[in-house]
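Asks: Sequence lines, in order, name chains X and R. Residues 1 to 155 in my numbering are what the first sequence spells out, letter by letter. Residues 1001 to 1076 in my numbering are what the second sequence spells out, letter by letter.
Rather than coming from a laboratory, the hints here were simulated on the basis of the structure. All of these numbers come straight from a predicted model, not from anything done at the bench. All C-beta atoms, glycine included, are put in the ideal place defined by N, C-alpha and C. Among the clues, some could well be false.
Unchecked claim - Below, simulated BS3-like cross-link-like pairs (lysine-lysine); rule was C-alpha separation at most 27 Å, straight line:
#, chain 1, residue 1, chain 2, residue 2
1, R, 1006, X, 92
2, X, 48, X, 90
3, X, 5, R, 1026
4, X, 4, X, 54
5, X, 4, R, 1062
6, X, 5, R, 1006
7, R, 1026, X, 4
8, R, 1062, R, 1026
9, X, 93, R, 1006
Claimed, not checked - If you want a taste of the chain X side facing chain R, the calculated C-beta under 7 Å gives, among others:
#, residue
10, 20
11, 23
12, 26
13, 31
14, 95
15, 96
16, 97
17, 104
18, 107
As the list claims (entries may be wrong) - Here are the computed distance ranges between Cβ atoms for each label pair:
#, chain 1, residue 1, chain 2, residue 2, range
19, R, 1065, X, 65, 52 to 62 Å
20, R, 1037, X, 123, 26 to 36 Å
21, R, 1075, X, 79, 50 to 60 Å
22, R, 1004, X, 78, 50 to 60 Å
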Amino acid sequence: MSTKKVAIIASRGTLDWAYPPFILASTAGALGYDVKMFFTFYGLELIKRDLDLKFSSLGNPAVPMPFPVPTFAQSLPGVQKLMAAALKQKIKKKNVASIETLRQLCLEAGVELIGCQMTIDLFDYQRSDFMDDVTIGGAATFLAYAADTDINLFI
Amino acid sequence: MTTHEKLDVRGQLCPIPVIRTQNKVKTLASGDTLEIICTDPGALNDIPAWCEVHGHRLIDAKQAHNEIVITIEVVR
């Protein structure tokens, strides 16, 4: 049986959306699958050397609240910061692995992390903003691999 | 000669129990058994699924109170 291959595009850069790609990639690594992740647009936040992931309940109506909070109240100054702090607290309290940990587990499992060159140019990022372990590549780098995979996800 | 080892992943949530199991099993030989003690109910499905992919044998999976004990045999 040949090794199964997984390709994941991570396009979101907030704390909540950082979880699905890293959980799936690290687990696929544990299953012995060959995994490559392509980080594009806001997904690039996930491979920054120093993570500073934000979170917002605005435009995110499924965020569970301890009590109903009208949207206008959620947009008041400081409220989003509180929500982000509450989520971080909850992650810690429930003992959910941090994004730093999951990212490290991915690297240990041999998952290849690829940053999108075009987005780096678009947002004037520097190579030094990103982890040493990431590869920088473009659409062709990803597609050449993705064309021959068993699982392909866009997150 | 085979060994029987234990892995304590109580309090850990998905995907950590599976990843720690994988890392532990890497150090074991064919025929060795591993007892995984955890509290994440998701592991009751996840670890057997992981076993199936790798071809390891699931010996037992039971839940008592809030603890889950899954025993597997390493097959290579």
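Asks: A separate judgement is required for each hint: does it hold in the structure or not?
Replies: Each hint tested on the structure:
1. 1006(R) x 92(X): holds, 26 Å
2. 48(X) x 90(X): holds, 23 Å
3. 5(X) x 1026(R): Distance ~20 Å between residue 5(X) and residue 1026(R) Cα, so the pair holds.
4. 4(X) x 54(X): violated, 33 Å
5. 4(X) x 1062(R): violated, 30 Å
6. 5(X) x 1006(R): Status violated; Cα separation ~31 Å.
7. 1026(R) x 4(X): With Cα atoms ~19 Å apart, residue 1026(R) and residue 4(X) stay inside 27 Å; holds.
8. 1062(R) x 1026(R): holds, 24 Å
9. 93(X) x 1006(R): holds, 26 Å
10. 20: Status violated, d = 11 Å.
11. 23: holds, 5 Å
12. 26: Result: holds, 6 Å to nearest chain R Cβ.
13. 31: holds, 5 Å
14. 95: holds, 5 Å
15. 96: Interface hint status for residue 96(X): holds (5 Å vs cutoff 7 Å).
16. 97: holds, 5 Å
17. 104: It is violated, given that the least Cβ distance between residue 104(X) and chain R is near 11 Å, above 7 Å.
18. 107: violated, 12 Å
19. 1065(R) x 65(X): 52 to 62 Å: violated, 32 Å
20. 1037(R) x 123(X): 26 to 36 Å: violated, 46 Å
21. 1075(R) x 79(X): 50 to 60 Å: Once the Cβ atoms are compared, 54 Å apart, the range 50 to 60 Å for residue 79(X) and residue 1075(R) holds.
22. 1004(R) x 78(X): 50 to 60 Å: Cβ of residue 1004(R) to Cβ of residue 78(X): about 55 Å, so the range 50 to 60 Å holds.
Hint check: violations occur at hints 4, 5, 6, 10, 17, 18, 19, 20; the rest are consistent with the structure.
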